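Counting from 1, position 307 in the sequence shown corresponds to residue 307 in the working numbering; the numbering is continuous, with no gaps.
Simulated from the structure, these hints should not be mistaken for laboratory data.
Warning: the hint list may mix true and false statements.
[Unchecked claim] In the BS3-like style, the derived pairs of lysine-lysine whose C-alpha atoms are separated by at most 30 Å in a straight line are:
| no. | residue 1 | residue 2 |
| --- | --- | --- |
| 1 | Lys80 | Lys194 |
| 2 | Lys239 | Lys288 |
| 3 | Lys285 | Lys44 |
| 4 | Lys43 | Lys410 |
| 5 | Lys505 | Lys191 |
| 6 | Lys157 | Lys6 |
| 7 | Lys104 | Lys69 |
| 8 | Lys6 | Lys410 |
| 9 | Lys81 | Lys191 |
| 10 | Lys81 | Lys239 |
| 11 | Lys455 | Lys80 |
| 12 | Lys194 | Lys410 |
| 13 | Lys410 | Lys69 |
| 14 | Lys357 | Lys371 |
| 15 | Lys191 | Lys42 |
| 16 | Lys80 | Lys410 |
[As the list claims (entries may be wrong)] Derived DEER-like restraints, expressed as beta-carbon distance ranges:
| no. | residue 1 | residue 2 | range |
| --- | --- | --- | --- |
| 17 | Lys371 | Lys72 | 29 to 35 Å |
| 18 | Ile164 | Val350 | 43 to 49 Å |
| 19 | Ile418 | Thr137 | 24 to 30 Å |
| 20 | Leu86 | Arg457 | 24 to 30 Å |
| 21 | Ile270 | Ile57 | 48 to 54 Å |
Predicted model, so just to flag it, every value in this text is computed and none were measured.
All C-beta atoms in this analysis are idealised placements derived from N, C-alpha and C, irrespective of residue type, glycine included.
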Amino acid sequence: MKSTKKIYPIFYNFIAILFGVMMAGILFINLFVANRREYPCKKKFLFSNIKLLIIGIVVFAILVVIYNKFIKKYVDKLTKKQCNILLLIYFFVTFILQIYIINKIFFLSGWDVAQLRVATDQLMEGIKLNQGNSFNTYLQIYPNNLFLLFIFVIISKIAYICSIDSHLLMSIVSALSVNLSIIMMIKIIGKISKNKHMCVLFVFISTLFLMFSPWIVIPYSDTYAMFFTTSVLYIFFNKENLDQYVYIFVLVLISLIGYKIKPTVIISIIAIAIIEIWSYLFGNKKLKLDILFKSIIAIVLSVLLFGIINNFSKSFLGYERNIDVEMPMTHFMMMGMNEKMKGVFLYEDVEYTTSFKGIDNKKTANIKEIKKRLNQYGVNGYLQLLIDKSLINYDDGSFAWGIEGNFYQKTISENKSIFLKKMYYNNGEYYKYFESYLQSIWLLILFMSIFSIFKIRNHELLVINLTIIGITLFLLLFEARARYLFLYSPYYLLLFVIGTANIYKKIDSKMKNMRN
Numbered sequence: 001m002k003s004t005k006k007i008y009p010i011f012y013n014f015i016a017i018l019f020g021v022m023m024a025g026i027l028f029i030n031l032f033v034a035n036r037r038e039y040p041c042k043k044k045f046l047f048s049n050i051k052l053l054i055i056g057i058v059v060f061a062i063l064v065v066i067y068n069k070f071i072k073k074y075v076d077k078l079t080k081k082q083c084n085i086l087l088l089i090y091f092f093v094t095f096i097l098q099i100y101i102i103n104k105i106f107f108l109s110g111w112d113v114a115q116l117r118v119a120t121d122q123l124m125e126g127i128k129l130n131q132g133n134s135f136n137t138y139l140q141i142y143p144n145n146l147f148l149l150f151i152f153v154i155i156s157k158i159a160y161i162c163s164i165d166s167h168l169l170m171s172i173v174s175a176l177s178v179n180l181s182i183i184m185m186i187k188i189i190g191k192i193s194k195n196k197h198m199c200v201l202f203v204f205i206s207t208l209f210l211m212f213s214p215w216i217v218i219p220y221s222d223t224y225a226m227f228f229t230t231s232v233l234y235i236f237f238n239k240e241n242l243d244q245y246v247y248i249f250v251l252v253l254i255s256l257i258g259y260k261i262k263p264t265v266i267i268s269i270i271a272i273a274i275i276e277i278w279s280y281l282f283g284n285k286k287l288k289l290d291i292l293f294k295s296i297i298a299i300v301l302s303v304l305l306f307g308i309i310n311n312f313s314k315s316f317l318g319y320e321r322n323i324d325v326e327m328p329m330t331h332f333m334m335m336g337m338n339e340k341m342k343g344v345f346l347y348e349d350v351e352y353t354t355s356f357k358g359i360d361n362k363k364t365a366n367i368k369e370i371k372k373r374l375n376q377y378g379v380n381g382y383l384q385l386l387i388d389k390s391l392i393n394y395d396d397g398s399f400a401w402g403i404e405g406n407f408y409q410k411t412i413s414e415n416k417s418i419f420l421k422k423m424y425y426n427n428g429e430y431y432k433y434f435e436s437y438l439q440s441i442w443l444l445i446l447f448m449s450i451f452s453i454f455k456i457r458n459h460e461l462l463v464i465n466l467t468i469i470g471i472t473l474f475l476l477l478f479e480a481r482a483r484y485l486f487l488y489s490p491y492y493l494l495l496f497v498i499g500t501a502n503i504y505k506k507i508d509s510k511m512k513n514m515r516n
């Protein structure tokens, strides 16, 4: 029993240390390597990363002082009911502002977004995938976008009934996903900290960095999946309010649906499973056979329901699987090792994989090429690739806004806000200021998140750290892109808040000791 108690905290300490070292390493590369190195998708900011971080820290410190002096006392007086009312008002006001911004800067983007958009339009005309839809082959190659297409068709049908532009409504739903994710995160912070000021801090940082992100205008898996990554966390931290088996059923179902929208959503439930299993093996939780049996039944029922929903969506779209053209996961790992684009999308890799017929032949060819590339890189060469990929993934506070091919496929000139267009569009007069502003906040978030690992009393919080470790490792191994971090951005903001609270407590404690 004593040995078990000793083992219990080891893994949690390992996660905390690994996260701290990883984030410190990422920040070090951003601050001291980025300016001296050329790599794909590199952004040019008004100042160096070091200066942007210093600016962020100084401005943030000033705002904290102002808050403590003039606002904190009013927040202290708020009741729980008043906080909920203010949160509801915040939701509606920000959502209206999001819709306003979308309406003013709205444009039709290219790349995969265009493929899904036009495929949706054709489905709305009654042209199913297996009945002449132009994008049948695309979706047979990349079936991971099928469920998102299904959602887009449902949204388009609602838009038709309500006489709303379907493409505009897709963007509004994108913004709603971000908005609801922020609201859920505020609730999570309130629950785990019982601290209104930490909730205010999350409202503040999410409003500045995430709520009005340019990505809200792009209806794609990055924004849509955010709702599911956050829902998984929300359900996990509110499990005591649900029947144990209902909790498992809903958690698995939400994760599986999210997985069909964006495969990396599954990382969050894997992190939860790891933390929970460790707790049962070496912690105070006791696992009884009847509970285990009922939990397995809940998982099976959830998988069965998901299977029904998934099969219905495929039938509804007219999808027929073609393993001769389907891309295996090994393709994306191979692409993540290409030297030319440092792990970013490379069409030559697509041509290579598609030159083989059958999914098994593709896997074999990919694995062969992966081994070849590893041998060519060597240890030092592969480490250099990982540094480049870290910069591609983490050295962009805009999450690679405007990087994808044919990004502004069709801009709509009428009913535009000239100011907002100049700020949000990459070629806009004020965009360089906006992008540097986002980068400054992003660097501040990364910096403060390092301090989230100290004095962790609730080990369940490490689910967040473990999830971020998971998505970071995934993007280092597979295809790189800053955009792929966006669905987990609320997780980073939550750790920013925890890290800030830890620093504040430390400084406040020292100040009190000095007075005494």
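**Q.** Contradicted hints - numbers only
**A.** 3, 6, 7, 8, 12, 13, 15, 16, 17, 18, 19, 21
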